[in-house]
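Colleague: Following the hints, put chain G in place on chain P, whose structure we already have.
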Amino acid sequence: MRSNTIARRADAFVHWTRLDRVTLLSHPERRNLRWWPALALITMLIGYALVVTAIDDRPHSVGGLFQIGVGGLLLFGAMGTAGWLRMLGPRLMADPEHKLDEREWMLRARAGHISGRIIALAAIVGCFYCGVARPLGLWMPTQVIDWVYLGVIIEGWALVLPVLVVSWLQPRPERD
Amino acid sequence: MIHNRISLFRAERGESRRELAEAVGVNHQTIGYLERGDYSPSLELAMKIAAHFGVAIEHLFSFTPFESVAVALRRAEAAE
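Chains as they are written, first to last, in my numbering: chain P, 1 to 176; chain G, 1 to 80.
Bound-form chain P, shown alone (with noise of 0.2 Å):
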């Protein structure tokens, strides 16, 4: 009797972390998710900001050292997020057994139009940022490491940015 309790809280707590929906056997119910992936944008950025920052101030000291693991901690903890995100969050690709259809394609090609043109404008205003950051004494990416983490944020945004927009694009589903 005791054991099958446990058993059940296990379930239910699997239940409730929504582990059961990303296992093979599954048929996960994806839903939006229109907080999720804004968090995990945004903590990438904090994330990468106290990871640069400590490198170009403070490399050597502990404190330095700190922040870099904490910022490292958020900003690859974001990315892992972001990939959980995109298997709980509206469908984007097609899964061996279900294709997607007219509706998803339309949207996944909006979600695909909005997410690029954003990324794209992140992408212009950095240049133009980088352009007057050096004369204006302004702190702009100079070290290896500032450009890759850089790269990674983008992949990062362009992962779990187009499941932000589906999210709001289409209306919350109803229940069978």
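The hints are simulated quantities; they were obtained by calculation from the structure and are not laboratory data. Computed from a predicted model, the values in this text were never measured in an experiment. Wrong hints could be hidden among the right ones.
Stretch-level coverage of chain P by chain G, calculated; a stretch enters the list once three of its residues show a Cβ under 8 Å from a Cβ in chain G [as the list claims (entries may be wrong)]:
(1) 115–127
(2) 164–174
Some chain G residues near chain P, calculated using beta-carbon distances under 10 Å [claimed, not checked]:
(3) V26
(4) T30
(5) D38
(6) Y39
(7) E44
(8) L45
(9) H59
Idealized CB from N, CA, C, for every residue including glycine.
Modeller: Coordinates of chain G only, in the frame set by chain P:
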């Protein structure tokens, strides 16, 4: 906006959204969006759904709202 009577036909057959979705080859959430009028189907999908229910496409989809079942019944009673 395109109005439709998919939910009415589906209810008459006692079909779930998932069953209809499998029959016409779309995600079951797409049927929900169609029924709510949040999504307008392609001609191909509209014809598939009409063929599934065995009715003409104009019996399922319309640019003007369909009359409710209650109104249709009252009109039928008045005509008798």
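Colleague: Could you run down the list of hints and mark each one as holding or not?
Modeller: Status of the hints after comparison with the structure:
1. Chain G is given as covering the stretch 115–127 of chain P, and this is violated because 0 residues of the stretch bring a CB closer than 8 Å to a CB of that chain, at least three being needed.
2. Remark: the stretch 164–174 of chain P is confirmed as covered by chain G, as 4 of its residues place a Cβ nearer than 8 Å to a Cβ of that chain, reaching the required three.
3. Against a cut-off of 10 Å between C-beta atoms, the interface hint on G/V26 holds, since the closest Cβ of chain P lies about 4 Å away.
4. A distance limit of 10 Å between C-beta atoms decides the matter here; for G/T30 the minimum to chain P is near 5 Å, and the interface restraint holds.
5. Restraint check, G/D38 versus chain P: the minimum CB separation of about 5 Å is within 10 Å; hint holds.
6. With a cut of 10 Å, the hint placing G/Y39 at the interface with chain P holds, because the nearest CB-to-CB distance is about 5 Å.
7. At a threshold of 10 Å, the smallest CB-CB gap from G/E44 to chain P is about 8 Å, leaving the interface hint in force.
8. Against a cut-off of 10 Å between C-beta atoms, the interface hint on G/L45 holds, since the closest Cβ of chain P lies about 6 Å away.
9. Taking 10 Å as the C-beta contact cut-off toward chain P, the hint placing G/H59 at the interface is violated, the least distance being around 22 Å.
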